Structures are given as C-alpha cells and as structure tokens.
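If you want the building blocks of each chain, they are given just below.
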Amino acid sequence: MRKSGPWLTLATLLLLIWSILPIYWMVRMAFLTPAEITQFPPPIFPTRFNIASFFNVLGFDHTLADGTMVRASGQANQVLRGLVNSVIVAVIVTVITLVIVVPLAYVFARLEFRFKNLLLNAVLLAVALPPVSTLIPFYAMFVQLKLAGTLTGLVLVDLTLTVPFVAWMLIGYFRNLPPVERLARIDGYSRFGTLFFLIVPMAKSGVAVAAVIAFLFAWNEFTFALILVNGTTANTLPTAISGFLFQNPQPSNLAACIVLTILPPGLVAYFLQRHVAEMSLVDPVR
Amino acid sequence: MAKIDLRRVEKRYGDYVAVETLDLSIVDGEFLVMLGPSGCGKTTTLNMIAGLDYPSAGEIFFDGQDVTAVTPHARNVAMVFQSSLLYPHLTVRRNIESSLRHTDLPASEKARRITEAVRMLELEPMLDKLPSQMSGGQRQRAATAKAIVREPSVFLLDEPLSALDAALRLSLRSELVNLQKRLGTTAVFVTHDQVEAMTMGDRIAVMSRGRLEQIGTPDEIYNQPASLFVAAFLGSPPMNLIAGEIAEGCFRAGRLSVPVEAAPGPATLGVRPQHARLADVASAETLPATVYALEHLGRESVVILEDEAGMKLRVLVEPSFHARVGDKAALAPDPSFCMLFGADGLRLPVGLARAA
Numbered sequence: 001m002r003k004s005g006p007w008l009t010l011a012t013l014l015l016l017i018w019s020i021l022p023i024y025w026m027v028r029m030a031f032l033t034p035a036e037i038t039q040f041p042p043p044i045f046p047t048r049f050n051i052a053s054f055f056n057v058l059g060f061d062h063t064l065a066d067g068t069m070v071r072a073s074g075q076a077n078q079v080l081r082g083l084v085n086s087v088i089v090a091v092i093v094t095v096i097t098l099v100i101v102v103p104l105a106y107v108f109a110r111l112e113f114r115f116k117n118l119l120l121n122a123v124l125l126a127v128a129l130p131p132v133s134t135l136i137p138f139y140a141m142f143v144q145l146k147l148a149g150t151l152t153g154l155v156l157v158d159l160t161l162t163v164p165f166v167a168w169m170l171i172g173y174f175r176n177l178p179p180v181e182r183l184a185r186i187d188g189y190s191r192f193g194t195l196f197f198l199i200v201p202m203a204k205s206g207v208a209v210a211a212v213i214a215f216l217f218a219w220n221e222f223t224f225a226l227i228l229v230n231g232t233t234a235n236t237l238p239t240a241i242s243g244f245l246f247q248n249p250q251p252s253n254l255a256a257c258i259v260l261t262i263l264p265p266g267l268v269a270y271f272l273q274r275h276v277a278e279m280s281l282v283d284p285v286r
Numbered sequence: 001m002a003k004i005d006l007r008r009v010e011k012r013y014g015d016y017v018a019v020e021t022l023d024l025s026i027v028d029g030e031f032l033v034m035l036g037p038s039g040c041g042k043t044t045t046l047n048m049i050a051g052l053d054y055p056s057a058g059e060i061f062f063d064g065q066d067v068t069a070v071t072p073h074a075r076n077v078a079m080v081f082q083s084s085l086l087y088p089h090l091t092v093r094r095n096i097e098s099s100l101r102h103t104d105l106p107a108s109e110k111a112r113r114i115t116e117a118v119r120m121l122e123l124e125p126m127l128d129k130l131p132s133q134m135s136g137g138q139r140q141r142a143a144t145a146k147a148i149v150r151e152p153s154v155f156l157l158d159e160p161l162s163a164l165d166a167a168l169r170l171s172l173r174s175e176l177v178n179l180q181k182r183l184g185t186t187a188v189f190v191t192h193d194q195v196e197a198m199t200m201g202d203r204i205a206v207m208s209r210g211r212l213e214q215i216g217t218p219d220e221i222y223n224q225p226a227s228l229f230v231a232a233f234l235g236s237p238p239m240n241l242i243a244g245e246i247a248e249g250c251f252r253a254g255r256l257s258v259p260v261e262a263a264p265g266p267a268t269l270g271v272r273p274q275h276a277r278l279a280d281v282a283s284a285e286t287l288p289a290t291v292y293a294l295e296h297l298g299r300e301s302v303v304i305l306e307d308e309a310g311m312k313l314r315v316l317v318e319p320s321f322h323a324r325v326g327d328k329a330a331l332a333p334d335p336s337f338c339m340l341f342g343a344d345g346l347r348l349p350v351g352l353a354r355a356a
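The listed protein sequences correspond, in order, to chains A and B.
In case it helps, the UniProt record's numbering puts the first sequence at residues 1 to 286.
In case it helps, the UniProt record's numbering puts the second sequence at residues 1 to 356.
If you're looking for bench data, these hints aren't it; they were derived computationally from the structure.
Just so we're clear, the structure is a prediction, and the values are computed from it rather than from any experiment.
All C-beta atoms, glycine included, are put in the ideal place defined by N, C-alpha and C.
Some but not every residue of chain B turned toward chain A, in silico, with C-beta under 8 Å:
#1 A50
#2 P72
#3 V77
#4 M79
#5 F81
#6 L85
#7 P88
#8 H89
#9 S98
#10 S99
#11 H102
Partner residues are not named here, just some residues of chain B that face chain A (Cβ under 10 Å, in silico):
#12 L52
#13 A78
#14 Y87
#15 L100
#16 R150
Take these sequences, add in the hints, and give me the full structure.
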C-alpha cells in the first residue's frame with residue numbers, strides 16, 4: 001500500500017471540490033424556490049427540501065407547505081418524451097455497439113489477416129474526426145433519406161461515434177488477454193465458441209466498461225441531437241432541457257431536469273466501478 | 001496411446017521454410033524430446049502433430065491412420081503450453097472439466113477421470129482456486145491434470161517448465177517423467193534446455209534451422225553426435241571445438257597435434273572438458289593458453305583457458321586444483337575420446353588413431 005501523506009490528502013480534497021462542487025450547486029438549485037434563487041447572497045444550503053421542481057418538470061402541479069400552488073412546467077411534455085427517447089436511443093446504441101464491436105475488436109486484436117493495418121486505420125480514423133465535421137453531410141443525407149427527426153437516424157449517427165471509439169478501447173484490452181486460443185482448439189472449441197464462452201467471460205470487465213462508454217456516449221450526445229431531432233417527436237433529454245434556457249427561464253426546473261439526466265449515468269458508474277478500476281490496469285486478468 | 005509417424009512433412013510460410021522435409025517415427029509409450037534453439041522448427045513440428053498447424057506437404061499418421069487433415073480435438077491430443085497456460089477466469093476444477101466439455105462421455109466417466117487426475121496430481125486443496133491464486137508449480141500440475149483427463153493418444157508439451165525457477169524445474173522434471181511412465185502415454189516434449197532433454201527423454205530429436213540434425217537416445221546424442229551442431233549444443237560445460245587441418249595422419253591446430261586416421265583436409269576437433277587435461281606449457285603437441293577463469297562446481301572445477309586467438313577452452317579438474325588468472329597452461333586432449341568433424345559439419349566416420 002502507498003503511504004498517504006498530507007499532500008496526497010490535500011490533492012484529493014482539491015480534486016473532490018473541483019468535481020463535486022458544481023454538481024452540488026446544481027442539485028441545491030433544484031430544491032430552491034424561485035424566491036430563494038433571486039436572493040443575494042445566494043443561500044449555500046437550501047433551508048428546506050422543496051421538491052416542487054421535480055413534480056413540475058414531470059408535469060404535475062405541487063402545493064407547497066405554505067399553501068401556494070406551483071404549476072406544472074409548460075415543457076413537461078418535452079422532458080418526458082425526451083426521457084423516454086433518451087432511454088430508447090441509449091439502450092439500442094449500447095446493444096448494437098456491443099454486438100458489432102466485440103467480434104470486431106477480437107478479430108483485430110488476436111487474428112492475422114491481409115490488409116489488417118489498413119482496415120484498422122479505417123475503423124480508427126473516425127475516432128480522430130471531430131463529430132462537428134460530419135454534421136452538415138449527415139443532416140443533408142438524413143433529410144433525403146427521411147431519417148431526420150427520427151430515433152433511427154439518431155441511433156445510426158451515435159453508432160458512427162461509439163463503434164470506432166469502443167473498438168479502439170477493446171482492441172487494446174483483448175490484446176492483453178492470455179493466448180488461450182490454441183488451448184481452446186485442443187479442447188474442441190470452435191472460433192465462435194472460443195469468443196463467446198472463453199474470451200468474453202475473460203474480458204467481462206472490458207466489455208462492461210465498453211457498454212458503459214457506449215451508453216454514456218448516446219445518453220449525453222447533444223450536437224447531433226440538436227441538429228437532427230430537436231423540436232421533433234424524437235427529441236432527447238439533453239436537447240429538451242436546453243429549451244429551458246430559452247423559453248421562460250426557470251432555474252430550479254432546469255436544475256431538476258439536469259439532476260434527472262445525470263442520475264442514470266451516475267447509477268451505472270456506481271454499479272460498474274469495480275470493473276472500471278480493473279480496466280485501468282494494463283494487464284487485465286492473469 | 002499411439003505410435004506417431006511423420007512422413008516427409010514440410011512447413012513453409014511463403015518463402016520461409018520453417019520445417020524442411022521431416023521423417024520422424026515416435027514409438028508408442030516413448031518420451032521424445034525435441035531439442036533445438038529458438039526458431040529451429042521444433043514448436044512448429046509439435047503444432048503439426050497437435051493439428052494446430054497443417055503441414056504444407058507430407059502426412060502424419062497416428063497408429064497407421066492418416067490424421068493430416070484431422071482437427072486437434074478429434075486427434076485426441078493433449079497439450080501443455082508454455083507457462084502452463086490455463087483459462088484464467090475459471091477455477092482449477094472448471095479448467096479440468098473444460099477438457100471433457102466437447103466429448104460424449106457419460107457424466108459418471110467424466111467424474112471418475114477428473115477424480116483420478118486430481119488424486120494423482122494432489123490437487124484436492126486447490127480445486128476452487130483461480131490460476132492467478134496459485135504458484136507456478138501448482139499451475140503446472142493443474143495443466144497436467146487438464147491434459148491427462150482426456151486420456152489422450154499423445155501428450156504434447158511446449159516448454160512447460162521454461163518460466164519456472166530452477167529448483168522447481170528440477171523437481172517437476174522427474175515428476176513429469178514419472179507420470180508419463182505410469183500412464184504409458186506417448187509424449188513429445190519441446191525444449192531448448194539441453195539438461196531437460198538429457199534428463200527426461202527416452203530419445204532426443206535435435207533440430208536446427210528446420211532440419212532434424214540427429215535423433216537418438218541421450219547416450220547416443222552425447223557420445224556419438226552426428227554433427228558439429230549437436231556436439232556443440234549438448235553437454236555442460238560445452239565441448240571444446242578446435243578448428244584445424246588433417247595432414248599426414250595428424251590433426252594439427254597451431255602447436256597441437258593429434259594422430260588420426262582420416263583423409264586430409266580442413267576439420268574441427270571436438271573434445272569434452274572431461275576428456276582433456278592440463279599439461280605443462282612447454283610440452284609438445286599441446287595447445288598453449290592462459291587461465292581465463294576457474295569455476296567451482298563442488299564435485300569438480302572447470303578451468304577456462306583462452307588461447308592466443310581468444311578462443312575459450314574448458315577442462316575439468318579436481319576441486320582441489322588452484323590456478324590464478326593469467327597463469328600459463330596448455331590443453332592436452334585425450335586422443336581416444338576426440339571427435340573429428342569435416343568441413344560440412346558432419347562427424348567423420350573414421351576412427352581416431354588409438355594412442356599406443
């Protein structure tokens with residue numbers, strides 16, 4: 001074990017403040033009443049937990065303790081639909097990404113074949129491209145294909161980002177697994193059997209992290225969603241929330257929405273932290 | 001259990017010849033060691049016997065049956081890989097079971113074999129451990145158990161001991177041979193370690209650059225090496241090889257002169273350290289040199305000499321022998337134990353003149 005000196009503690013504290021403070025500020029705002037938000041200096045701790053905003057953004061009126069009624073937000077419909085769409089897109093993108101990337105990464109990591117480097121570069125090129133550079137072409141193409149404003153279109157675009165990125169990550173992980181292929185052949189496993197019954201279980205941490213990354217990518221994706229689906233029935237949560245910035249600003253509703261948005265990724269990260277920690281080691285299983 | 005025949009087997013990768021036309025017969029129940037430096041084609045040969053690699057030409061027979069195109073599993077071979085490879089995410093028990101996963105044996109027979117193998121290799125206390133939780137020796141035993149539950153036609157071992165420390169290697173060597181003899185299964189063991197080869201093999205096949213240099217019992221390989229390569233590769237401390245020329249019934253290299261019966265021409269004289277002695281510097285027909293180092297082995301010592309050309313020569317001496325670095329000495333080979341190798345690297349069949 002490493003010795004923890006005062007500097008390490010200090011650095012850890014600094015990092016914690018750096019990452020936790022903005023989140024705290026936002027969460028706190030979700031529990032404030034409009035009157036409290038306009039106060040100066042702003043209250044650092046909410047005096048009481050006012051959960052009206054959470055009801056409002058989900059489309060319910062809420063009566064405060066003092067009897068005032070806070071009306072449901074006019075954007076509740078947008079938010080609810082965005083939530084549903086985001087879940088659909090993120091889950092589908094995660095599943096398809098894994099189905100494509102696990103065999104792809106395995107082949108690139110463990111087998112030799114012709115034009116391997118060229119093909120690998122073709123896959124990885126997409127990681128190097130800034131997404132914005134393909135925004136206009138995608139839009140033009142999707143309008144013609146009638147995919148603009150659809151979940152299908154958004155899933156397709158998200159896959160162009162998640163597949164290369166997750167492949168890049170998993171190839172490195174698969175490379176470091178022990179060379180069990182010949183042993184597997186002696187034991188009578190087919191190539192697919194080796195991949196699904198041996199390699200994937202051996203690499204379960206890597207595959208789990210790959211799934212998380214694909215999910216977060218799709219869940220957080222904003223740029224393409226803004227151009228391709230905003231203002232349509234296929235709107236996702238991040239773009240729906242951005243509406244709060246422009247129409248009748250309600251800071252506490254905005255904050256409540258963001259809390260709802262970061263909740264699923266937070267939970268995913270929490271339950272998979274063991275695998276994430278394992279992933280950071282260079283030598284995965286041995 | 002099987003008799004294995006390789007007939008004119010060849011393996012090429014593009015222009016590169018990994019194994020050149022190889023004929024090899026492995027007797028049923030034999031422990032054959034394939035010995036050679038890295039890149040000599042020994043592992044490629046083993047992979048072809050296993051069916052992991054298919055020969056570019058030639059056939060492989062198990063008990064007279066052509067298995068050249070048969071998959072490894074169907075050949076019923078068992079293999080232990082370098083560093084005793086196991087599936088790292090499975091416990092020892094599941095690792096052993098995975099050997100029988102793709103067989104049609106009844107469950108009771110599977111259980112019987114596993115219990116038997118576990119008992120033989122004393123693995124009971126480790127059955128629920130993962131490979132990463134065990135020592136190198138325990139992993140080796142687990143890999144062996146995984147191999148024997150197949151009741152294979154042949155055991156193939158690809159340098160299974162190379163990653164272990166010296167003491168463990170020593171004990172596992174005899175353990176493996178003992179097990180193989182009790183089971184009576186044919187075994188092919190690949191190594192680059194000549195001590196492993198000498199101590200474990202019923203026969204040794206020495207390979208170099210894709211060619212079979214010599215095959216024979218350890219005694220034959222050691223005492224009658226077919227070529228310069230085999231002579232140089234086996235023996236510890238290694239054989240002294242002195243380049244010179246045969247003329248007028250004598251091998252000559254500088255002042256050294258050994259009477260031989262061979263045709264004149266360039267040749268190399270080989271003499272093992274135990275068949276040479278130190279002589280007085282002044283004595284005729286010896287090779288003058290200076291003491292370079294003295295190595296104590298306990299039971300004996302090795303004097304390492306350096307001649308004028310910078311060549312190192314080794315002589316076994318009594319442990320009580322003393323010499324200082326830089327002392328003058330001369331090497332005198334015992335003519336009755338010298339070997340001669342021709343310019344083509346092959347041992348000259350002609351006998352040495354027995355010193356009167």
